[in-house]
Amino acid sequence: MSISIEEVEKIARLARLSFSPEEKQKLQQELSAILDYVGQLKEVQDKIVEKPYDDPDSVNLMRDDVAEESPIKLELLAQAPAREQGFVKVKSVLE
Amino acid sequence: MDLTDLTIKQAAELLRRKEISSVELTQAHLERIKKLEPKLHAFLHVAESEALKQAEEADRLIGEGENSVLTGIPYAVKDNILVKGFQATAGSKILENYIAPYDATVIKKLKQAGPVFLGKTNLDEFAMGVSTETSAFGLTRNPYNLEKVPGGSSGGSACAAAASEALFALGTDTGGSVRQPASFCGVVGLKPTYGRCSRYGLIALGSSLDQPGVMAKTVEDAFSVFQLMAGQDEFDSTSLPKAVPDYSKHLHQGVKGMKIGIPKEYFVAGIDPEVRAVVEGTIKKMEELGAIVSETSLPHVQYSIAAYYIILPVEISANLSRYDGIRYGLSVPSEDLASGYYQSRASGFGPEPKRRIMIGTYASSAGYYDAYYKKAKQVQGLIKSEFTQAFGEHDLLLTPVSPHPAFGIGEKSSDPLSLYLEDIFTGPLNIAGVPGLSLPAGLSKSGLPIGVQLIAPHFAEERLLQAGSALEQALGLKLKPDL
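These protein sequence lines are chains A and B, in that order. Sequential numbering from 1 applies to the first sequence in the UniProt record's numbering. Sequential numbering from 1 applies to the second sequence in the UniProt record's numbering.
Among the hints, erroneous ones may be present.
Unchecked claim - Derived pair list, reagent style DSS-like, types lysine-lysine, alpha-carbon separation capped at 27 Å:
#1 A:Lys24 x B:Lys412
#2 B:Lys93 x A:Lys89
#3 B:Lys111 x A:Lys73
#4 A:Lys42 x B:Lys377
#5 B:Lys478 x B:Lys9
#6 A:Lys26 x B:Lys412
#7 B:Lys109 x A:Lys73
#8 B:Lys93 x A:Lys73
#9 A:Lys42 x B:Lys384
#10 B:Lys377 x A:Lys10
#11 B:Lys249 x B:Lys109
#12 B:Lys249 x B:Lys9
#13 A:Lys26 x A:Lys42
#14 B:Lys264 x A:Lys42
#15 B:Lys412 x B:Lys374
#16 A:Lys89 x B:Lys480
#17 A:Lys10 x B:Lys384
#18 B:Lys264 x B:Lys377
#19 B:Lys93 x A:Lys91
#20 B:Lys412 x B:Lys478
#21 B:Lys478 x B:Lys39
#22 B:Lys480 x A:Lys10
#23 B:Lys480 x B:Lys9
#24 B:Lys84 x A:Lys73
#25 B:Lys109 x B:Lys84
#26 B:Lys249 x B:Lys284
#27 B:Lys374 x A:Lys42
#28 B:Lys111 x B:Lys264
#29 A:Lys26 x B:Lys93
#30 B:Lys9 x B:Lys285
#31 A:Lys24 x B:Lys93
#32 B:Lys377 x A:Lys73
#33 B:Lys109 x B:Lys9
By construction, these hints were calculated from the structure, which means they are not laboratory data. Everything numeric in this text was worked out from a predicted model, so none of it was measured.
So that you can see chain B by itself, here it is in the shape it has in the complex (with noise of 0.2 Å):
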């Protein structure tokens, strides 16, 4: 038996059992990572002996019975999320000697039930880019074809966990960063609803976009996860006191009755023909499953990436001024105070996050507000009205979650503008602040994995689960990269 093999449900059976230990899990996934790792570079940092010393702590909570579903499984985490004593670089040079001084929330509490963490994963410099290309320190590839990229931002995370060098991965999605790299590296990939989880100790892109997310081999393994993420947080206020369900219940109730709409501006030219044939066999199996599946509409929503790419580069501007080599990150020696701030942030940030910088503070300078910001955020609104709209007559919607498999290394990295388009079936998510789930439905031709997306309204993740887990059963697909 290869234990990298397993999902974290059958693995938690039999540490249960006492089959196998989370010392020799964990080694499984060291093994696997040390022999994949010269192929794909999903990791940044790789805890080893840390590592270790975790799965011998669980295996003694395991032998005292102490034990829940997480209990000695090996995951990793995106580097621009925060675990106490590691580096949190967000992929930027200017992060490069960071070192956490504090676990974030969602860290937290996933360690009260003691999984094993294996280390910090690649992503684009401060999570901006779909491609994990803009990386400061060199790029990841896609497990199913090394020439092409995972997607992006979080295309470590998703990298780690469909070449099964982790059990799960974190990631973080302010406009598509789970979904997409899940769905081109052919793993299910969770985004919750803004509030749902705590943002505090992620490093800030978009403060009103971003959410933590979950990238997993199953649905239900996601959820078991996202289970322990959610909930209120002091430390962020705009997370929100809504009870956390028991998703579990949720796990086999199937979809039969559910209304499924399928909003109609997402078919519109462009889309892959490999795509579209996978979404339609979806919405097939939906049907044959007893859903009830209809078209519905969102009229505004090809607006959403003109509206995200002024609200994000405005949120980025202002999240990033904090870097200006005094309190942490680097610091260039100079002459003043003035020539400080430049030099540290000209030799620090890479292309990427200059161009957002200089978009955002372009967007939110006096004489431009107006027209930008302040039009985008009416817009948002509308946007997020009409997704609520929808799901007074649906349970749930379903679209692809990219209009095409992973694209080639360096195919797109020259012009930006089509990066930024890349986000346009996961962005208006994060526009209306709803959840969604990427969701493996097929592979294309050459052998790249095609996902498909499920939109729920606010803190309605469970139908996600339900859904989700009814498709994922139904479907039957048995992925796995040959590396």
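So here's chain A without its partners, still in its complex pose (with noise of 0.2 Å):
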């Protein structure tokens, strides 16, 4: 399996990275690579994997949809590049 040069640039774009041209060519390689490796579980057939597999431990752990004040508030702000009374700064989304 190979993936082509404006396949990366792509995904690239869908991740929000940046690759010179040299990187950009390393990266079809070993990719291509790595997918070549990963391709190998289409060997396992569906019929043997069809069938989910039940966990009698995997039950949802859910906690009331409640807001909370953080004890820590100014240490997690503090973090922030950019701050503006009590709230992070970011550029502008729209125009």
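Using the hints, build the complex out of the two chains.
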């Protein structure tokens, strides 16, 4: 399985990553080799794996969706590169 | 007496009898760190003055008779586990200046026992690697041979424990990151059942696979730490409400009558003959101790790594999307919002996180989801059910940890796929969620440690202690690197 430079560029855009032309070429080779390897899963017949594995321990543990004041609000905010009046400041999203 | 030669158990006894103080014990370890770090580079940060303060506090507690087994015991923490007020870089430039605003739950629980935090240890960037070579802050060397890797991703923690720089060290294990470096460095490494310990405060790699783990000189030591880490946590909804047993009760039970399975798929071509010989010697030892050893099969276990390298990158691409330069981490000043994302991520992440984000984004993108991610999750279910089936007939499984002893620095770093295949014997446990123990079982002719892996059913870690400590005693290895 080999993927094209265009596909590398498309995935990079989806992942918000940018690469130099040399990096793209290297990634094209590396990703193709890795996808070849993981592609061996196709050998496992669908009929064997169709039945979902029933795990008695897997139950969703949910809490009530209630907002609470964080005791470390200031410490968390202190990590943000730009802040204003107790908020994280971002560049404008809409023009 | 060299205080750094002690085990936790021995040191705790001397502290209790007031033959030594925690300040003396801590100073001895800090001095050893000072002496060895120029050679090894296990630590990314040493908290010298804070450690001595904690040691004084521990001595006060011991003076008042309020001590437990870990009070005053110096330890190290992998730099992807949050310790409030200290750096947590995860080995990445993108978190170079990040200071942990809270304690990980496992740290919070340990702190109640009053151990002495010595510092943060090196790791592969975001724990992505098997050699600690992908760290953005330089590599760590194997204490048995400075030209070899310590394994990874918890290479700094394994090295610190093996070189007696700390009495124990915490790591994280997503596909073998505690067990493989423990094997390469000749220490005990424990990966608990997925859901046994809280992941709250661990910098996420693969959230459905990660577990914090322990590295120590003996099985008993590892379990005295694990005892305090285990249990459900309201901040991690995947930690399960299972009672935590008193592990010390399982210490001297031996393995007589225990049924040990040897999965035949683990003994394929490509295993180093010295590793094979050590595993075979261990099996013989188990039989001498009265265990009933027989062959078993995990028919699809060879697909574990393929499933792992789909499931993990997909989770990575989601988990690492939080590094956007807005809330925390590296933020490159930019013209607009979008170019800020690109520039911060492009200059903050190293090649390995980028590679895995790319694979994960591809495998979970429209049109490929069914062929990759869905298929991988199905195969994961199949492998999990095969482990459950094997444990219907066996109490434990025994396998190698790695196909070979520690490899050379730089030997594999140019080929990502060959590094991924390093998880071949450890990754299946994370895929199935079962616990495992890496135990030193021999040395190669060139003097490198070789470990064996014991595997237990979900939430049956006590069997790892029971068999691991019996085996440890019977093997009677006294490993210490010549540094």
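- Are there hints from earlier that the structure breaks, and if so, what are their numbers? Numbers 15, 16, 17, 20, 22, 28, 32 - these are the hints that the structure violates, sorted from lowest upward.
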